[in-house]
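The residues making up each chain are set out below.
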Amino acid sequence: MDQLFDLALFNSALRILTPILLAALGGALCARVGLFNVGLEGLMLIGAFTSIVGNHYFQNTFLAILFAIVCVCAFSLLFAFLSIHLQANVIVVGIAMNFLALGLTTFSLRTIFDVKGAYYDKEMVGLPKWNIPLIKDIPVVGDIFSGHSPLVYLSIVLAGLMWYYFYRTVNGFRFLAAGSNPLAARTIGIHVRRYQYGAMIACGVLCALAGAQLSLGQVTMFTEGMTSGRGFIALVATMLGQSGPLGVLGASALFGFMDAFSIRLQGVSWPSHFTQMVPYVVTIVAMFFFRDKGFIKDAQNAGSSSR
Amino acid sequence: MNKIGAWLLSLRGPLIAIVIGLLAGSIAIVVAGGSIAETYTEMWKGAFGSFYFFTSTLSRATPLILVAMGAAVAFRSGFFNLGAEGQMAFGGLSAALIGLHVPGPGWFVCIVAMLGGIVAGGLWSAMAGYFDVRFRVNLLITTMLLNYIASLFAGYLVTYPFKDKTGAGAMAQTQMLEHAVWLPKLFKGMTVHAGFIIAIAAVVILYIYLAKSVKGYEARMLGGNPLFAVYGGVRRTSLMLTTMFASGGLAGLAGAAEVLGSQYRYIDGSFASADYAWTGIMAALLANGNPIGSAVGAFFLAALQTGGMGVELNTDVPLEIGSVIQAVLILFITVKFSWRFMRRKKGAVVDGSAV
Chain A
5 MDQLFDLALF
15 NSALRILTPI
25 LLAALGGALC
35 ARVGLFNVGL
45 EGLMLIGAFT
55 SIVGNHYFQN
65 TFLAILFAIV
75 CVCAFSLLFA
85 FLSIHLQANV
95 IVVGIAMNFL
105 ALGLTTFSLR
115 TIFDVKGAYY
125 DKEMVGLPKW
135 NIPLIKDIPV
145 VGDIFSGHSP
155 LVYLSIVLAG
165 LMWYYFYRTV
175 NGFRFLAAGS
185 NPLAARTIGI
195 HVRRYQYGAM
205 IACGVLCALA
215 GAQLSLGQVT
225 MFTEGMTSGR
235 GFIALVATML
245 GQSGPLGVLG
255 ASALFGFMDA
265 FSIRLQGVSW
275 PSHFTQMVPY
285 VVTIVAMFFF
295 RDKGFIKDAQ
305 NAGSSSR
Chain B
26 MNKIGAWLLS
36 LRGPLIAIVI
46 GLLAGSIAIV
56 VAGGSIAETY
66 TEMWKGAFGS
76 FYFFTSTLSR
86 ATPLILVAMG
96 AAVAFRSGFF
106 NLGAEGQMAF
116 GGLSAALIGL
126 HVPGPGWFVC
136 IVAMLGGIVA
146 GGLWSAMAGY
156 FDVRFRVNLL
166 ITTMLLNYIA
176 SLFAGYLVTY
186 PFKDKTGAGA
196 MAQTQMLEHA
206 VWLPKLFKGM
216 TVHAGFIIAI
226 AAVVILYIYL
236 AKSVKGYEAR
246 MLGGNPLFAV
256 YGGVRRTSLM
266 LTTMFASGGL
276 AGLAGAAEVL
286 GSQYRYIDGS
296 FASADYAWTG
306 IMAALLANGN
316 PIGSAVGAFF
326 LAALQTGGMG
336 VELNTDVPLE
346 IGSVIQAVLI
356 LFITVKFSWR
366 FMRRKKGAVV
376 DGSAV
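Residue numbers (our numbering), protein chains in the order written: chain A, 5 to 311; chain B, 26 to 380.
Take these hints with a grain of salt, some might be off.
[Said to hold, decoys possible] Listed next, the in silico SDA-like pairs over lysine to any residue satisfying Cα-Cα at most 20 Å (straight line):
| hint | chain 1 | residue 1 | chain 2 | residue 2 |
| --- | --- | --- | --- | --- |
| 1 | B | LYS188 | B | VAL127 |
| 2 | A | LYS133 | A | PRO143 |
| 3 | B | LYS210 | B | ALA197 |
| 4 | B | LYS210 | B | THR340 |
| 5 | B | LYS188 | A | SER276 |
| 6 | B | LYS188 | A | HIS277 |
| 7 | A | LYS120 | B | THR191 |
| 8 | A | LYS120 | B | GLU337 |
| 9 | A | LYS133 | A | ILE116 |
| 10 | B | LYS188 | A | SER273 |
| 11 | B | LYS188 | A | PRO275 |
| 12 | A | LYS120 | B | ILE317 |
| 13 | A | LYS120 | B | GLY58 |
| 14 | B | LYS188 | B | ALA297 |
| 15 | A | LYS120 | B | VAL56 |
| 16 | A | LYS120 | B | ASN339 |
| 17 | B | LYS240 | B | ALA219 |
| 18 | B | LYS240 | B | MET334 |
| 19 | B | LYS237 | B | ALA226 |
| 20 | A | LYS120 | B | LEU266 |
| 21 | A | LYS120 | B | SER298 |
| 22 | B | LYS188 | A | PHE278 |
| 23 | B | LYS190 | A | PRO275 |
| 24 | B | LYS188 | B | ASN339 |
| 25 | A | LYS120 | B | THR340 |
| 26 | A | LYS133 | A | LYS120 |
| 27 | A | LYS120 | B | LEU338 |
| 28 | A | LYS120 | B | SER295 |
| 29 | A | LYS120 | B | ALA299 |
| 30 | B | LYS188 | A | PRO143 |
| 31 | A | LYS120 | B | ASP341 |
| 32 | B | LYS213 | B | SER298 |
[What the hints assert, rightly or not] Computed footprint of chain A on chain B; a stretch qualifies when at least three of its residues, placed anywhere within it, have a C-beta under 8 Å from a C-beta of chain A:
| hint | segment |
| --- | --- |
| 33 | 168-176 |
| 34 | 272-283 |
[Unchecked claim] Which residues of chain B face chain A? A few of them, derived with a C-beta cut under 8 Å, are:
| hint | residue |
| --- | --- |
| 35 | ALA53 |
| 36 | VAL56 |
| 37 | ILE61 |
| 38 | ALA62 |
| 39 | PHE105 |
| 40 | PHE160 |
I should point out that these hints are in silico values taken from the structure, not numbers from a laboratory.
In this text, a Cβ means the ideal position worked out from N, Cα and C, and glycines have one as well.
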């Protein structure tokens with residue numbers, strides 16, 4: 005079993021969990037205000053593509069991520085407008101958003117870069133790899149937590165910040181109230197829609213970061229549909245974590261670890277078809293333990309049933 | 026008079042969505058550096074320009090219509106079955122394997138292969154339905170995730186145990202079916218095959234089922250207002266399982282018809298790359314699950330795609346222009362949902378009920 009489990013496995017698990025965690029935190033924000041966001045996958049894909057576009061034009065990863073955030077927020081605002089203002093069915097809008105993201109990124113890939121399938125340019129610089137001074141010298145912890153992109157650390161910090169916001173600030177309480185009982189929240193003067201828009205925009209930022217980690221983090225390239233279901237896994241992580249930041253962190257860690265493990269299984273001559281299945285199978289198995297409670301209520305609060 | 030007015034009103038939403046879709050397409054064409062008029066002309070020619078192009082649009086519409094019917098029957102009952110891709114893969118693969126290994130006269134094997142496709146797709150989909158009713162595992166997510174598992178498993182089967190070892194290529198695919206097993210072509214030299222007739226039959230049957238039968242009424246009631254339906258004595262569990270079986274079965278039939286009628290073998294990833302499943306689901310969403318509307322939608326989307334190929338051949342605009350128009354269309358179709366929803370909400374306030 006030595007070649008299956010070692011510190012490098014945890015190291016890569018941490019890298020893989022980052023996009024899932026970022027998107028799942030965005031999903032948790034939306035779920036908490038009664039918007040079941042099925043469009044995470046699409047928003048993430050737009051994030052991944054626009055950060056490559058930004059990188060191509062600005063030659064600077066920071067500006068690239070900023071560009072991605074602006075673009076994804078535009079789409080999440082469109083999502084918010086359709087589902088909050090026009091009261092369209094959130095799930096249908098989410099599915100449509102995924103279609104739009106896939107079509108638009110493929111089309112733009114052809115028009116902007118004139119390539120099909122994937123875009124790769126070795127001139128492009130990806131996200132830097134950070135070694136945090138003190139931590140890197142601690143034996144085991146240092147091996148796991150070193151040499152990651154800044155977004156990896158940021159994602160964990162954000163999970164903590166969101167926990168603080170939800171449970172330790174007045175504004176966070178209002179945010180939760182707006183979601184758990186919109187009518188009551190409205191009677192004490194909370195602008196529920198304002199919180200919903202806020203959640204959607206924050207979700208856009210988080211999905212942009214998730215996409216940036218995908219396309220600029222490990223390898224600097226974009227391939228069509230490169231999110232390949234991660235948005236949906238993030239959605240499951242949101243549900244498993246009961247939309248609480250720490251629960252979401254735990255669920256994402258589980259999926260990150262299973263994904264890293266499945267790559268490792270390829271080394272011991274399992275057919276790659278089965279190793280690639282592992283994260284999806286684990287996700288479904290994990291859902292058996294969750295038992296679908298919160299989101300039906302959330303969906304009803306949003307004024308539409310999911311089924 | 027009132028009826029015609031209501032019918033015209035129901036067309037307003039789709040028409041607005043089509044106009045917005047074509048406008049967004051125009052913007053995309055300009056960005057890609059093409060001429061709007063020329064591109065749309067090429068698109069029209071590519072889809073309907075000649076009898077050959079028209080029949081290839083029909084042939085492309087065949088799996089889309091079947092998948093759309095599958096999505097529509099689930100959608101109408103209030104379930105989101107997003108698993109058409111996996112169900113189609115299993116349906117196609119089962120049809121190919123039955124076609125290769127079951128002895129007997131050609132027409133018999135062909136029918137058994139199609140039934141096999143229906144059962145394979147249906148069981149795979151009913152499994153997700155069972156998880157939902159028994160374990161309360163969210164249907165939307167399971168059907169979605171089962172896609173990946175089904176496609177990978179089918180990929181494994183044609184890469185190792187059932188791989189075609191006779192050909193020189195290293196393609197992951199089954200052997201070619203015998204000529205006798207093929208679904209016949211409708212016109213000599215054209216691509217459209219008997220699967221199209223089956224698809225149209227499915228539309229008619231589904232329309233009669235939903236509009237005229239008791240079960241169909243129960244299904245629509247469950248989709249429209251689940252609480253009321255259960256209160257009125259609809260058995261949700263059995264209805265959900267049968268609906269999901271029918272839904273997946275239709276997707277499986279789409280895969281089987283595609284294998285028996287046009288590819289004559291199961292090729293790994295060929296359904297996914299043609300995006301049959303998702304386009305079919307889009308067609309069902311476009312028409313809010315109405316069978317005839319979904320079939321028209323499927324035909325329209327097929328025309329956009331074959332038209333897109335014409336655009337790719339004759340202009341500098343990439344063929345993905347079709348998918349941009351599709352996606353914008355579906356996004357704005359949802360606004361139609363919202364109008365209906367707001368009207369219902371106003372009604373609820375008058376009644377004084379809180380739901």
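Query - Broken hints, by number - result: 3, 4, 7, 9, 12, 17, 18, 20, 24, 26, 30, 32, 34, 37 and 38
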